[in-house]
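Chains as they are written, first to last, in my numbering: chain G, 2 to 182; chain U, 29 to 384.
These are computed hints drawn from the structure, not numbers from a lab. Virtual Cβ for every residue (Gly too), placed ideally from N, Cα, C. Check before you lean on any hint, since a few could be wrong.
To be verified - According to the in silico footprint, chain U covers these stretches of chain G (three or more CB under 8 Å from chain U): (1) 29-39; (2) 54-61.
As the list claims (entries may be wrong) - Distance condition first, Cα-Cα at most 25 Å in a straight line; then the derived DMTMM-like pairs of lysine to aspartate or glutamate: (3) K132/U - D199/U; (4) K59/U - D100/U; (5) K161/U - E92/U; (6) K161/U - D319/U; (7) K363/U - E178/G; (8) K132/U - D140/G; (9) K161/U - D100/U; (10) K177/G - D355/U; (11) K59/U - D84/U; (12) K161/U - E265/U; (13) K27/G - D66/U; (14) K132/U - D53/G; (15) K75/U - E92/U; (16) K91/U - E72/U; (17) K75/U - E57/U.
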Amino acid sequence: MNINQVLFYVMGFTALASALIVAASKNLVRSVFMFFVTLFALAGLYVFALADFVAVTQIVIYVGGVLVLMLFAFMLSNKETLNSLQNKTGNKFIAINNMAALLAAGLFLVILVNAIIKARPDGIVWIQHAQRVNPPRTDNLGNIGVNLMTNYLLPFEVISIILMMALIGAVHLSRKEEHKL
Amino acid sequence: MNFYFTYILVALGLFGFAAVFALFGIYAERKVSAFIQDRLGPTETGKYGSLQTIADIIKLIQKELIVPSAADKILFVLAPFIIFVSVYMGFAALPWAPGLVPAKLNIGLFYIFAIVSVEALGILMAGWGSNNKYSLLGAMRSVAQIISYEIPAGFAIISVVMITQTLNLQDIATQQGVLSGESSRFLGFIDVGQAGGILAWNIFRAPHLIVAFAIYFIASLAESNRAPFDIPEAESELVSGFHTEYTGLGFAFVFLAEYSMMFLVSMLGVILFLGAWNTPLPNIGPAHLADYTTGTVWGIIWIVLKSLLLVGVQMWIRWTLPRFRVDQLMNLCWKVLTPLALLCMLISGVWRLWLM
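All chains, full assembly: derive it from the sequences and hints.
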């Protein structure tokens with residue numbers, strides 16, 4: 002096992018373990034901070050997939066934006082509300098309330114195991130084709146830019162319009178009411 | 029295996045540099061503030077008080093790490109290290125001289141921008157973990173300010189990237205001097221590719237970048253929580269903000285992070301706008317000043333000198349201007365800096381299309 006594989010497994014383990022802690026932790030704020038570890042490990046895994054730009058974007062958007070926003074929501078909300086949220090359910094794992102969730106999780110597990118058993122990652126035709134025609138490159142950035150401006154121009158513009166709508170909405174919501182005469 | 033040994037050595041070297049810079053940065057700050065306020069500053073320890081900060085750090089290391097009984101212990105203890113590590117990781121992508129860069133990344137600039145934003149999370153961690161209303165208020169203010177000022181700083185950076193067409197910091201540095209090998213135009217008209225020197229710096233290649241540089245510099249003051257943007261630790265209102273409860277080594281790490289951040293943003297500003305490790309002396313006729321003063325050692329000297337100059341300006345501003353109020357701070361960010369930065373970006377696009 003070379004150092005790359007060791008790093009890969011360390012990051013994969015960190016991502017899974019921290020995600021489990023996020024889901025299981027009783028303390029909401031701590032689980033948000035644990036989510037930060039998950040996101041970092043995921044960013045590391047993206048780097049292994051030669052997607053360094055995606056990795057850094059993930060850190061900017063999720064860590065610098067979404068996580069901070071979540072924490073703001075926690076810190077600005079009332080402590081009693083938070084406590085009632087945290088202690089609402091008992092800690093019975095198998096209960097009649099949880100039946101639907103357990104069923105969904107079990108079915109999803111069946112699908113996942115099935116997919117993993119049946120998948121043959123070495124024999125997929127389009128991946129072999131892509132490896133022949135378009136070998137992995139490191140200049141992702143230029144590639145992404147050119148593709149955004151040519152093949153994916155319409156989705157790109159649609160996203161920008163949605164973001165603009167969100168921005169205008171935010172400005173409208175946070176505006177002070179004018180005094181009516 | 030030598031490979032990994034070099035990596036560790038480089039990392040340790042950068043940490044050592046950050047620590048030494050913080051030590052003498054604090055000493056310089058005290059002397060500068062003393063000069064501006066017509067005092068003497070530290071005089072007792074060592075010649076001219078030069079050993080004062082070393083004595084201070086020895087005192088801090090010896091002190092007990094006090095964790096408040098109501099604090100969230102894990103978050104409280106981890107926070108200073110996360111704050112420091114996020115700044116320290118930023119140093120990995122900064123070029124020091126031609127061919128001398130710890131990690132040559134294609135997306136170095138974007139990486140630094142991303143990793144520095146992790147600092148906000150560390151600050152929130154410290155504020156929440158302390159379980160103290162002053163800490164929490166300070167952390168909220170600090171994070172609100174950092175996130176807001178990332179926007180004008182980001183636009184100012186983008187207007188540089190549109191001129192340079194790369195996110196690789198080493199390439200951005202090379203373009204601004206005699207080593208670029210391509211023609212670069214002073215003010216967009218006069219070819220100074222051979223002359224180099226101060227004329228080929230980004231702010232003179234495209235003069236609207238002077239405005240972008242001013243925006244970046246102001247925003248960087250806010251991002252490192254320095255006066256006049258130090259409402260997060262406004263002593264008169266909040267004791268000392270998010271690090272109120274820290275003692276000993278935790279406090280030392282918060283300070284180390286602040287001074288490393290000052291150097292990081294200054295160095296990034298130098299790389300983007302002020303010619304990075306390139307010499308300010310141009311080739312004039314037969315006197316090849318630029319060729320003589322370009323090289324590994326010269327590169328390190330120039331970039332450190334320029335960065336220290338910017339750090340000096342940061343200190344000068346801190347002790348000259350009074351503190352902003354919260355609403356003034358946000359007004360400046362959203363109503364002045366952001367539109368100006370957007371304008372700079374627009375001019376950059378036009379400049380790139382028509383003049384380069």
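How the hints compare with the structure:
1. 29-39: Our answer is that it holds, as 4 residues pass the Cβ test (under 8 Å) against chain U, meeting three.
2. 54-61: Coverage by chain U holds here, the residue count being 5 at a Cβ distance below 8 Å.
3. K132/U - D199/U: 10 Å, holds
4. K59/U - D100/U: Answer violated: K59/U to D100/U is near 38 Å, above 25 Å.
5. K161/U - E92/U: Satisfied, since the Cα-Cα distance of roughly 23 Å is no more than 25 Å.
6. K161/U - D319/U: 58 Å, violated
7. K363/U - E178/G: Holds, at roughly 19 Å.
8. K132/U - D140/G: 13 Å, holds
9. K161/U - D100/U: Measuring from Cα to Cα gives roughly 14 Å; hence the hint holds.
10. K177/G - D355/U: 14 Å, holds
11. K59/U - D84/U: With a Cα-Cα distance of about 15 Å, the restraint between K59/U and D84/U holds, given a limit of 25 Å.
12. K161/U - E265/U: 12 Å, holds
13. K27/G - D66/U: This hinted pair is violated, its Cα atoms lying about 55 Å apart.
14. K132/U - D53/G: 13 Å, holds
15. K75/U - E92/U: 29 Å, violated
16. K91/U - E72/U: 22 Å, holds
17. K75/U - E57/U: 17 Å, holds
In this structure, the earlier hints numbered 4, 6, 13, 15 are contradicted, and the remaining ones agree with it.
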